[in-house]
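Just so we're aligned: 106 in this note's numbering is position 106 of the sequence shown, and the numbers increase by one with no gaps anywhere.
Hints were generated in silico from the structure; no laboratory data involved.
We put the CB at the ideal spot given by N, CA and C, even for glycine.
A portion of the hints provided could be inaccurate.
What the hints assert, rightly or not - As a list, the in silico DSBU-like pairs of lysine-lysine whose alpha-carbon atoms are at most 30 Å apart:
no.	residue 1	residue 2
1	Lys656	Lys623
2	Lys411	Lys345
3	Lys325	Lys623
4	Lys411	Lys353
5	Lys33	Lys129
6	Lys532	Lys463
7	Lys33	Lys76
8	Lys129	Lys411
9	Lys655	Lys336
10	Lys191	Lys177
11	Lys463	Lys494
Unchecked claim - Computed Cβ-Cβ distance ranges for the label pairs, DEER-style:
no.	residue 1	residue 2	range
12	Lys312	Phe2	55 to 61 Å
13	Ala62	Glu104	17 to 23 Å
14	Ser423	Gly298	24 to 30 Å
15	Ala171	Asp266	26 to 32 Å
16	Ala135	Met1	20 to 26 Å
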Amino acid sequence: MFSFNNPAGACPKCNGLGELRFFAPELVVPDAKLSLDEGAIAPWRTAGGAYLNFMLHGLTAALTVKTDVPFGKLPKKTQDKILLGEGEGGYEGVIPGIERRSREYEKRRREAGGTDAQTFEFIEEVFHKFARVEACDACKGARLRPEALAVRLSGRNIREVTGFSIREAQAFFLELKLGSREAQVAERVIKEVVSRLSFLVNVGLDYLSLDRAAATLSGGEAERIRLATQIGAGLVGVLYVLDEPSIGLHPRDNDRLIATLRALRDLGNTVIVVEHDSETILAADHVIDMGPRAGKHGGYITATGSPAQIQKNKDSLTGQYLSGKRAIAVPKSRRKPRAGGVRVKNACAHNLKNVDVTFPLGVLTCITGVSGSGKSSLVVDTLLQAARTEVNGAREEALSGTVEGLSTIDKVISIDQGAIGRSPRSNPATYTGVFTVIRDLFANLPEARARGYKPGRFSFNVKGGRCEACEGDGVLRIEMHFLPDVFVQCEECKGKRYNRETLEILYRGYSIADVLAMPIDEALELLSAVPKVRAVLTALSRVGLGYVELGQSATTLSGGEAQRVKLAKELARAATGNTMYVLDEPTTGLHFTDIEILVNVLQALVDAGNSVIVIEHNLDVIKCADYVIDMGPEGGSGGGTVVAEGTPEVVARVKKSHTGRYLARTLRM
1 MFSFNNPAGA CPKCNGLGEL RFFAPELVVP DAKLSLDEGA IAPWRTAGGA YLNFMLHGLT
61 AALTVKTDVP FGKLPKKTQD KILLGEGEGG YEGVIPGIER RSREYEKRRR EAGGTDAQTF
121 EFIEEVFHKF ARVEACDACK GARLRPEALA VRLSGRNIRE VTGFSIREAQ AFFLELKLGS
181 REAQVAERVI KEVVSRLSFL VNVGLDYLSL DRAAATLSGG EAERIRLATQ IGAGLVGVLY
241 VLDEPSIGLH PRDNDRLIAT LRALRDLGNT VIVVEHDSET ILAADHVIDM GPRAGKHGGY
301 ITATGSPAQI QKNKDSLTGQ YLSGKRAIAV PKSRRKPRAG GVRVKNACAH NLKNVDVTFP
361 LGVLTCITGV SGSGKSSLVV DTLLQAARTE VNGAREEALS GTVEGLSTID KVISIDQGAI
421 GRSPRSNPAT YTGVFTVIRD LFANLPEARA RGYKPGRFSF NVKGGRCEAC EGDGVLRIEM
481 HFLPDVFVQC EECKGKRYNR ETLEILYRGY SIADVLAMPI DEALELLSAV PKVRAVLTAL
541 SRVGLGYVEL GQSATTLSGG EAQRVKLAKE LARAATGNTM YVLDEPTTGL HFTDIEILVN
601 VLQALVDAGN SVIVIEHNLD VIKCADYVID MGPEGGSGGG TVVAEGTPEV VARVKKSHTG
661 RYLARTLRM
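Just need the whole structure built from these sequences, with the hints factored in.
Right under this line is the structure:
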């Protein structure tokens, strides 16, 4: 009755989603200056020319309408008929047609059980970019039916309680006043609720609301929720393996995370943590350091022992950074911003409290603050969305506030940690576009020209040159029904993806498959004579990805590696010197050495006249910034204001700034 995932409790109108999606005429026809012939109906235009002609033929057969007149100049009644249809038995209409097809695809998706998830996700994206989402007018976004919302505890219904932050919910249940009979019934339940909320607070998640959508959580937040669940279970004799639990965590909250890991250990468990954070490494009982470098140059154990022993080991790069023998240097001087700046006024997205702040131009700016303090709300949801609309011409709206001063910027580039492709066929070569040049290179070799091979022959996505046994995947998928699918190397091509004839074409003794299997640094040496290839591969090497294979599947790249591939793609382009780059926690998954490389790349972008804005917790990056905007002071409802701004030295002197306190230690002030 109290679950929106159960028909007994879900709002009947929105089926427990809390929102309704509707296709908006202004998105279906984004440019009314275009005629129907020119593709005014965006869904028809994006589907392709043949489909557009087919739909136009059906439209003109059903309605008497001029297709060569701008859509906005057609009579309002005609526009409505085109978009909404004529009712039962008549012309269906564009929007009802999209709604019908969307429902059909959604039904097929459910029936397929997610076996063709990528195809359906693509179709949903195609439909949903023409739709707007609004809160359900029946339940007002509560997701539950009225009967469930009528039940109250201490004056609050379940929707109001789950809308609390974890910290607020903890206080609510601790302060709950119940009669003796009610207390007897609820005692054990409340004890469990408070216990679980306390675990979440202890791992630094007190700012999250209980009803926060799982899809909006960072990887670090999701991992810490699972960690809190395990602590609550109180198991003993368990081996726990955590992969970078400090992701997205401010140094202020690191102590609580480390205390939680120690609590798991002290219960009688074994805890193994893959981590780059210096505080976590120093808190460990035993350290195993891998290296000495990455990719094929790594794979060895360079040092083992206590943190103190690791610091004394000359073979350990990690130890050298921990001991201070190697360090990322603080710049000798801070750049001065150029005149003007981008001004954000009255920003109130999410937890922002009418924030007014100026982002300086021509410098490296770090946006800092504890988790949930409003960094992404300010940069991504306010500044970036407005910039994409005004500068790049995208159809996005900032969630709140106004943004001024963008006219001085000619391009905005956001580099996030999203995958560079959902398919195993995507890789650094295809994403950066260098694969096209490499295929042209092979197609122009004398042997290839003699055989009449075109560039398509060297693509593993089309028939002709690829191995048809695995259709260019290099692996075969074996369905295990109730177990995860297993992938085995293709016996026909031995994982090379191409057929024998294609592999006979060699460039300096290497086939196209050999080139894709090369680490980027080796491929750079082989293909340095090709200017377009050299520029891209040099950029990939500059951002520290020389160890990654050129054809390595996108699905095997970490978030940090994917972000650096995107950064390299931008670095390889001709610079305008007046671009705004926005990066969200680019140090995720990076070792101290990689962070040093990243900082140098960001500084080079700024030296070229660009503006770089970085959302970051890592103190080595923050101390190298020219300007810092610190949000907070706390997360959730306790944040959303600018606590301090200025050079790192200025912020380090602000006592109420959590970032400033740790920055002062780093700068040794």
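Against the structure, the hints:
{"no.": "1", "hint": "Lys656 to Lys623", "verdict": "holds, 18 Å"}
{"no.": "2", "hint": "Lys411 to Lys345", "verdict": "holds, 21 Å"}
{"no.": "3", "hint": "Lys325 to Lys623", "verdict": "holds, 18 Å"}
{"no.": "4", "hint": "Lys411 to Lys353", "verdict": "holds, 28 Å"}
{"no.": "5", "hint": "Lys33 to Lys129", "verdict": "holds, 20 Å"}
{"no.": "6", "hint": "Lys532 to Lys463", "verdict": "holds, 26 Å"}
{"no.": "7", "hint": "Lys33 to Lys76", "verdict": "holds, 14 Å"}
{"no.": "8", "hint": "Lys129 to Lys411", "verdict": "holds, 23 Å"}
{"no.": "9", "hint": "Lys655 to Lys336", "verdict": "holds, 24 Å"}
{"no.": "10", "hint": "Lys191 to Lys177", "verdict": "holds, 14 Å"}
{"no.": "11", "hint": "Lys463 to Lys494", "verdict": "holds, 18 Å"}
{"no.": "12", "hint": "Lys312 to Phe2: 55 to 61 Å", "verdict": "holds, 58 Å"}
{"no.": "13", "hint": "Ala62 to Glu104: 17 to 23 Å", "verdict": "holds, 21 Å"}
{"no.": "14", "hint": "Ser423 to Gly298: 24 to 30 Å", "verdict": "holds, 27 Å"}
{"no.": "15", "hint": "Ala171 to Asp266: 26 to 32 Å", "verdict": "holds, 28 Å"}
{"no.": "16", "hint": "Ala135 to Met1: 20 to 26 Å", "verdict": "holds, 22 Å"}
No hint from the list above goes unmet by this structure.
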